[in-house]
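Participant: These are the residues of each chain, in order.
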Amino acid sequence: EPEVTQTPSHQVTQMGQEVILRCVPISNHLYFYWYRQILGQKVEFLVSFYNNEISEKSEIFDDQFSVERPDGSNFTLKIRSTKLEDSAMYFCASSDLAGIYNEQFFGPGTRLTVL
Amino acid sequence: AQSVTQPDIHITVSEGASLELRCNYSYGATPYLFWYVQSPGQGLQLLLKYFSGDTLVQGIKGFEAEFKRSQSSFNLRKPSVHWSDAAEYFCAVASNAGNNRKLIWGLGTSLAVNP
Chain Y
1 EPEVTQTPSH QVTQMGQEVI LRCVPISNHL YFYWYRQILG QKVEFLVSFY
51 NNEISEKSEI FDDQFSVERP DGSNFTLKIR STKLEDSAMY FCASSDLAGI
101 YNEQFFGPGT RLTVL
Chain P
1 AQSVTQPDIH ITVSEGASLE LRCNYSYGAT PYLFWYVQSP GQGLQLLLKY
51 FSGDTLVQGI KGFEAEFKRS QSSFNLRKPS VHWSDAAEYF CAVASNAGNN
101 RKLIWGLGTS LAVNP
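So the protein lines, in turn, are chains Y and P.
According to our numbering, the first sequence is numbered sequentially starting from 1.
According to our numbering, the second sequence is numbered sequentially starting from 1.
Note that these hints are calculated values from the structure, not bench results.
Owing to the predicted nature of the structure, the values given are computational and were not obtained by experimental measurement.
Even glycine gets a Cβ: it sits at the ideal position worked out from N, Cα and C.
No incorrect hints appear here.
Beyond 10 Å from chain P on every Cβ pair, some chain Y residues (computed):
#1 T7
#2 T13
#3 I20
#4 E59
#5 E68
Using C-beta positions, here's what the derived DEER-type ranges look like:
#6 G28(P) / L39(Y): 26 to 32 Å
#7 G41(P) / L84(Y): 21 to 27 Å
#8 N52(Y) / F51(P): 27 to 33 Å
#9 R80(Y) / A17(P): 47 to 53 Å
#10 S110(P) / Q17(Y): 30 to 36 Å
#11 T55(P) / S81(Y): 46 to 52 Å
#12 E66(P) / Q14(Y): 46 to 52 Å
#13 G41(P) / T13(Y): 19 to 25 Å
#14 S81(Y) / D8(P): 36 to 42 Å
#15 V24(Y) / D8(P): 31 to 37 Å
#16 S39(P) / S81(Y): 32 to 38 Å
#17 Q64(Y) / A17(P): 42 to 48 Å
#18 R77(P) / N52(Y): 40 to 46 Å
Pairs of lysine-lysine residues, derived as DSS-like cross-links and limited to a Cα-Cα distance of at most 25 Å, are as follows:
#19 K68(P) / K42(Y)
#20 K49(P) / K57(Y)
#21 K49(P) / K42(Y)
With the rest of the complex left out, here is chain P:
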């Protein structure tokens, strides 16, 4: 069965430091992968997505993620974190069953940013 694991429930970084949030997936075919961010009181906003092609994908707000098939990973990175990046981050994979591609989610990683 398809699944997504985000090993880190909570991460704290200092402003200006680099960030890497981990995501591992279990999927039998080429996965379609997403990172979403949720700020307090806000909806889930798409940061970036991977379907095919270049394994390093760029997203909004200076985020990028690298798809590594050999490691079944899709880690999210940012070279320099800003205080406004404090939020909940979710990794998801799209199911290939059915006509509508429901999303299967990780547990999320809560990011705190110290000034």
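If we strip away everything but chain Y, and leave its shape as in the complex, we get:
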């Protein structure tokens, strides 16, 4: 069964460093999402991406964040200069049609720890 994969499963970095979280969505999907969950808090929407551009982004997704689909299979989230409060579990998701009418398939997450 096709699935969304994410690497690495756990990333530890120093404050101020750049990190890139990688996701491989399901191959025929067209819509891609990043969510995050800070420990003990709700899962929060970060950004959605379609047709090689951002469709929607939340207030969290400031200039420190960027997303890219560098090739036909990967979907990446970059944090330019990490802060302590960026420590969270980051989930990638994909769907074959926009959101509500079709299931968003989630990856296992990347746990980011900023020291």
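Starting from the known structure of chain Y, fit chain P onto it as the hints suggest.
Facilitator: Relative to the frame of chain Y, chain P by itself:
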């Protein structure tokens, strides 16, 4: 603003007992509602969803949920819990803003199952 509340942070049930996980939402129009499950080390898997029609929806793994507009609730139920159901359960509502239907999440309910 749209929001989801899961009043129970942690629930413990005995194997074979019935289960009900509560979810309340705040939404101005017809909501699109979801339940996801996350097992340790796994991604978020869709259990079931409600868009319209029959207010009792069936999902995978023997779960069902009932949409009650008058109570703004979408509670998840299972008649007989199995040890493998121990996991984190998330209720979510799809935003109707924008072209991509981002999900707005509850805090989650952690389910433990006693043998």
